[in-house]
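**Q** Residue numbers (the working numbering), protein chains in the order written: chain A, 3 to 282; chain B, 1004 to 1340.
What you were told as hints is all true, and nothing was included just to trick you.
Below, a list of computed lysine-lysine pairs in the DSBU-like style, where the Cα atoms sit at most 35 Å apart:
#1 B:K1226 - B:K1309
#2 A:K41 - B:K1137
#3 B:K1137 - A:K42
With beta-carbon atoms standing in for the labels, derived distance ranges:
#4 A:S253 - B:F1017: 49 to 59 Å
#5 A:V40 - B:R1073: 28 to 38 Å
#6 A:H244 - B:R1134: 55 to 65 Å
Selected chain B positions facing chain A (Cβ under 10 Å, derived; list incomplete):
#7 I1082
#8 L1084
#9 E1092
#10 E1093
#11 M1094
#12 R1106
#13 G1109
#14 G1155
Keep in mind the hints are simulated off the structure, nothing from the lab. Owing to the predicted nature of the structure, the values given are computational and were not obtained by experimental measurement. The beta-carbon is built from N, C-alpha and C at its ideal position, and this holds for glycine as well.
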Amino acid sequence: MTTTTIGSPGTVFDAERVAVAPGASRVVSTLTIAGRTVKKFVRTPQLIVAGTAQGALFLLIFRYVFGGAVGHTGSLRYVDFLVPGFVATSVLFTGMGASAGIAEDLSLGLMDRLRSLPISRFSIIDANAWANTALTTLSLAITTAIGFAIGFRIHNGVGAALEAFGMCVVFGFAFCWLFVALGLFAGSPQAAQSLSFLVFPLTFVSSAYVPVSTMPGWMQAFANHQPITAMVNTVRILTEGHAAAAALGHSLNYYLPASLAWSALIVALAAPLAVLRLRR
Amino acid sequence: MTALVEARGLTKRFGRVTALEELDLSLPSGHIVAILGPNGAGKTTLVRTVATLLRPDAGSLSVAGHDVVREAHAVRRMIGLAGQSAAVEEMMTGRENLAMVARLYGQSRRSARAASVATLDRLGLSEAGDRLVKTYSGGMRRRLDLGASLVGSPRLLLLDEPTTGLDPRSRIELWDSIRALGEGGTDILLTTQYLDEADHLAALIVIIDGGKVVAQGSPAELKQRAGADVLDLHTREASTLARAADVLAELGIGTPSIDAETQRCSIDAPKGSGVLALVVRTLDDAGIDLEDITVRHPTLDEVFLKLTGTPAALSTEPDSAPDSGPVSDLLSDGHVA
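With the rest of the complex left out, here is chain B:
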């Protein structure tokens, strides 16, 4: 079976910056896929290349078997794109905006009108449908923009950082819409720099950094791949926290870290809960009282840090030029999926 999106040695340069470097990727149909990476990792470039807005400099990229360069028109017939900004016309109503896009997908006037009404309904915008978009809130605009990308019932929906800049409530509303679409059978490829977003929405996460795929898998797989479970503890007296860390360091199971903000000590727990008893006993012997202690799977944040060497959503500017060290190290470590 043909992969929905297939990239082989995909390379795209902007002047001296390499945005995508010999990226290989094969995405199956039937899932919400999240492309996760820090700013400048190449996420947007990848989506724009899939959307036929950019031509690759080298390598190949196809959507459902159609090459994005040679068969660009065939690709455009299958995709719906919602970019980073709400690309809607302010001086038209929500319904007019959607009908316009539906018309451009080739629908008749009548079915364009029906599709726009159905889409507004689906996104909870029915009541605002006949108002000019300039009266919409930021969240409503983004939802309408999402509507414009799906009013043509595309086979593949491309969402570039769909919730960036939204308030928490609008963000959750948009998540609900996206999840519902995925459940309804639309293939969705979205980019995000928020781990929780990828964790919530996607069945498959592809982590990219420096224009390459660093890892891919389900959220659970990725958390597993990043290694050990983590043991978190709080001591009853904050003053004994540092001493607890020293005692645990001597156990030789890992290097404890202290999060000053939450007064929490964490240590890798390779054997999971088996370590728990050991830690409790050791601390008890040392006379340190515990407030609480838990063993948990690593968060995607920790996975991300481990795989890219960059804390998620902290790196600001495109400093992820191809030659940035940690990523290439990781790649040779065999973390490539």
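Looking at chain A on its own, in the form it has when it is part of the complex:
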């Protein structure tokens, strides 16, 4: 068996040179596969327009329909309470796309092609998680802009606000891993879509849209001890400062480590499961 590397363009199909491909490095394969996911998204403007419109619509509904009923939380205006929660949870709704996307790749055979190539199999899922994190970040920026447009203001300095945005990206990264793993296990894009709707109880039974104190006791127990509440409250305190901390029961020293720990835990569970599933 001859071990030749791929030659210059003209000789690529030279039958005499039976090529053994070197295979792309981890970095190149991750970037190449992620590039495809990003291209696919950017070239489907409907996705961006529909996503933005949907975000704006829901934000307006919450702000003006529920806002009147909820009123102030402590000294915090509802819009300042809502927008951090809405922006932080938006990563779940954008990240959901990763599930359907990867399930589609599986059912259309694209995943088979990738798995038959001389690349690290980890880079296949890795690429999906990173690409979807990039898309989630884009959507975070748009949602934040809409938030400012309907009256949201920061009260804790620009530095802390940027930190809050960074935390949202971290949460997005964690949930993208979760959705990639879900997509691999779902079996079909439709199943992936339905599985993703599990995020609804998770987001609504949290401090994202209304204060947890308005819920029945048993529900509060869940709401206070799940990742979304920790994440949302971290963002809230980083953007709104003392007023938020006073209204929420715990300080940043509690929520920030808690939300980071949750993110780490999600990745630590989802990534090995995804790898295991792909090795099958």
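On the provided structure of chain A, position chain B as indicated by the hints.
**A** Leaving out everything else, chain B in the frame of chain A:
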């Protein structure tokens, strides 16, 4: 010399279904090889195992001497896979799709671009190369998918039912591409449930059924192995066809069969054309006028039926579980290659 693909006792189960059962196979390099079998015979499982997508439950499988489990990465460096569906990205152009795969094979940006242009050209897709794949027809997608499997110049091309679902014209175009690749020196292993496809493309045909190899050989060898030549005749009056069959049955050279659709009577002709004179004389004596009469080699369809007990491409669902009778009978008859 190491065989290109070598399987020993290869077994793969899915739950209670055994897809491959102690399959033995040794394929030489330098040919287009067709794996032929009905639905559920284990064709796709075999290809997916060669492509390192499935791990065997027992036995061994190697590609050019590299074990598909222990040296999976080395195997992946030599193969190109085109599965049953066109695995291409709709929202990228044909050229981008091919360049992406070439990059993943480890080519530099520049040679990936060159390889994608050359591959598009080779498959007659140059003009569509800069269009998004979502504008391609089904046939073009399949050709692009074939391109993606060969853009890395693999040593072994794996094509799983490459023409399934294509219209006749696209099918022939794809055949031309595959044949040209084979002539260009690429080893090709393809699966098909179409006998004509195997007959047209392959130098070596491996018939599998129930997860085992039932027979293998060149198309001509297989036709020979299935036995006698066949004598076909049409009578001038359709009404005398049944009587002709009765008369021939008495000759004791075989049991005539009548194909109602084509009004044709067929009978095994073990001594080839020697039987021809006898049949003509006998029918003449019986006063039956002939329209035409021919002696021919059996078609692959007939070979297939004889070897597997299943008419080709007729069996629908995976009913070829390992314990289905006719195959095991055949195996004990010594039909294993």
